[in-house]
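J.: Input sequences plus hints: build the corresponding full structure.
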Amino acid sequence: MTTLEQSLDISSLGQEMPAGFTWKHYAICARGIIWREALRFIHQRERFVSALVRPLVWLFIFAAGFRSVLGLSIIPPYKTYIHYQDYITPGLMAMIQLFNGMQSSLSMIYDREMGNMRTLLVSPLPRWFLLTSKLMAGTLVSIMQVYAYLLVAWFWNVVPDSNWGYVTVLPAMLLSGFMLGALGMFISSAIKQLENFAGVMNFVIFPMFFASSALYPLWKVRMGSPWLADYCEFNPFTHAVELIRFALYQQVNWTSLAVVAGCTVIFLTGAIIAYDPSRGMLARKGG
Amino acid sequence: MQTQVSAAAALEVAHVSHSYGARKALDDVSFSVPAARFCVLLGPNGAGKSTLFALVTRLFAMRHGAISIFGHDVSSTPGEALRRLGVVFQARTLDLDLSVEQNLLYHAALHGIGAKRTRQLSRAVLERVGMAERADDKARDLSGGQMRRVEIARALLHGPRLLLLDEPTVGLDMQARTDILAYVRRLVAETGIGVLWTTHLLDEIHPADDVIVMHKGAILQQGSAAGIAAALDVPDIKSAFAKLTGSRPVDVSELV
Numbered sequence: 001m002t003t004l005e006q007s008l009d010i011s012s013l014g015q016e017m018p019a020g021f022t023w024k025h026y027a028i029c030a031r032g033i034i035w036r037e038a039l040r041f042i043h044q045r046e047r048f049v050s051a052l053v054r055p056l057v058w059l060f061i062f063a064a065g066f067r068s069v070l071g072l073s074i075i076p077p078y079k080t081y082i083h084y085q086d087y088i089t090p091g092l093m094a095m096i097q098l099f100n101g102m103q104s105s106l107s108m109i110y111d112r113e114m115g116n117m118r119t120l121l122v123s124p125l126p127r128w129f130l131l132t133s134k135l136m137a138g139t140l141v142s143i144m145q146v147y148a149y150l151l152v153a154w155f156w157n158v159v160p161d162s163n164w165g166y167v168t169v170l171p172a173m174l175l176s177g178f179m180l181g182a183l184g185m186f187i188s189s190a191i192k193q194l195e196n197f198a199g200v201m202n203f204v205i206f207p208m209f210f211a212s213s214a215l216y217p218l219w220k221v222r223m224g225s226p227w228l229a230d231y232c233e234f235n236p237f238t239h240a241v242e243l244i245r246f247a248l249y250q251q252v253n254w255t256s257l258a259v260v261a262g263c264t265v266i267f268l269t270g271a272i273i274a275y276d277p278s279r280g281m282l283a284r285k286g287g
Numbered sequence: 001m002q003t004q005v006s007a008a009a010a011l012e013v014a015h016v017s018h019s020y021g022a023r024k025a026l027d028d029v030s031f032s033v034p035a036a037r038f039c040v041l042l043g044p045n046g047a048g049k050s051t052l053f054a055l056v057t058r059l060f061a062m063r064h065g066a067i068s069i070f071g072h073d074v075s076s077t078p079g080e081a082l083r084r085l086g087v088v089f090q091a092r093t094l095d096l097d098l099s100v101e102q103n104l105l106y107h108a109a110l111h112g113i114g115a116k117r118t119r120q121l122s123r124a125v126l127e128r129v130g131m132a133e134r135a136d137d138k139a140r141d142l143s144g145g146q147m148r149r150v151e152i153a154r155a156l157l158h159g160p161r162l163l164l165l166d167e168p169t170v171g172l173d174m175q176a177r178t179d180i181l182a183y184v185r186r187l188v189a190e191t192g193i194g195v196l197w198t199t200h201l202l203d204e205i206h207p208a209d210d211v212i213v214m215h216k217g218a219i220l221q222q223g224s225a226a227g228i229a230a231a232l233d234v235p236d237i238k239s240a241f242a243k244l245t246g247s248r249p250v251d252v253s254e255l256v
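Sequences listed follow chains A and B, in order.
Sequential numbering from 1 applies to the first sequence in the working numbering.
Sequential numbering from 1 applies to the second sequence in the working numbering.
Derived list of chain B stretches under chain A, where covered just means 3 residues or more per stretch with a C-beta under 8 Å from a C-beta of chain A:
(1) 55–69
(2) 81–92
(3) 103–115
Since the hints were made in silico from the structure, they are not lab data.
Note that the Cβ used here is the ideal one computed from N, Cα and C, for glycine as well.
T.: Put into structure tokens, the structure is as follows:
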């Protein structure tokens with residue numbers, strides 16, 4: 001039997017370890033974090049099913065019921081009259097990412113309570129890198145969910161004006177997924193316990209989703225309540241929806257792009273500061 | 001530089017204080033763990049052991065004092081310090097949905113070790129703890145003692161020179177406790193790794209072990225277990241601990 005010294009070179013480590021980390025260490029680390037997130041997702045089949053069923057319920061029931069109620073005028077990026085299910089599809093795509101972002105923040109709180117978070121944080125690589133990798137992992141999972149939704153929607157004949165839309169929407173979803181994931185991560189750092197997550201549902205998910213352009217165009221909201229429309233335009237989720245909506249039609253909504261990119265930077269910086277041991281919330285909380 | 005690093009203690013804790021609001025959890029704590037020694041941090045629950053662990057592993061930032069691992073300061077060069085450190089936390093930290101090997105792969109990736117190398121390493125460390133044939137089993141299906149053994153194997157995977165174990169025998173039956181303690185002692189003797197083992201159970205201490213007695217966030221006494229007892233003029237570490245803390249020692253016979 002080989003001894004541990006031989007098999008691990010344990011006697012030479014410690015002193016002779018080359019200082020610093022190469023890009024290869026970083027790449028292996030990021031891949032490992034993404035791989036673990038994907039495995040977890042595969043193991044939690046209920047999570048995938050509910051992530052898929054939720055938007056489909058909206059598409060098949062809500063949209064079908066409201067298609068005649070809500071008359072839509074031609075607004076950019078659309079060049080013709082569209083069905084209501086076509087209008088809400090970008091909103092539902094963003095909704096998948098919103099839920100996914102909040103769900104991964106839930107898993108971070110769970111990880112923290114269960115101690116798994118410690119496994120991540122004792123990694124010798126810089127913490128901003130660990131958190132960004134985790135965010136990337138969550139975003140990729142959310143994009144897989146969105147494409148699964150788009151596939152079902154395609155059978156229902158809810159499709160963009162060109163198949164290129166499926167490609168051009170990808171960078172938009174990367175960015176919106178990052179923004180919503182970073183928001184979830186920031187919120188997770190401020191929540192002490194798992195039970196408090198119900199509050200996130202009421203105070204973050206619902207106001208973001210309903211006070212946005214996901215379900216109804218803002219000009220229509222403005223007819224009913226101008227201040228609510230102003231609030232909707234202020235809501236970063238609106239811009240995530242519009243970014244996706246335009247990208248699905250191979251266009252760029254520059255205002256939304258700027259807002260989503262800016263919010264991503266702000267939320268991510270907030271999350272990194274919150275998880276930084278010297279400044280963050282962790283230290284203040286104790287045990 | 002090279003000689004300075006190799007001469008440095010495995011773990012050096014210097015004048016560390018930490019408080020949660022008004023409550024002081026650690027008060028000017030200083031000690032060191034030499035390489036190739038089995039060192040026991042002894043203290044009742046609430047003595048500040050877990051806070052100390054959180055500081056060493058950078059879960060909390062140091063406010064006062066300094067901690068270094070083989071001469072690498074935890075605050076200023078965390079990467080170099082943490083890569084030389086293996087940790088077994090008191091709470092279970094295996095991912096229960098993943099297999100034993102997948103848990104090890106994930107941990108290795110976090111240290112920048114690729115899958116191919118990890119498969120070789122994990123065979124060696126799992127064999128070492130007698131868990132090689134369980135590599136493909138879900139972590140969920142393991143007993144408490146087996147999980148602990150896998151956690152120790154995982155902590156050794158990246159070849160650390162210092163191993164911290166925070167109350168690793170809590171919640172284990174007698175047989176599993178004895179096995180794990182014997183295994184870690186053998187590891188120190190055979191590989192020269194430095195170990196800091198925290199516990200509140202006095203029967204886990206050998207007379208020759210280095211012992212740091214901690215109580216209410218402060219260090220009361222340090223030295224070999226036999227030396228501490230001799231200095232206080234009592235027969236063994238049990239009586240020494242009772243005398244130092246003014247409390248009845250926690251004996252394992254009371255727990256089972």
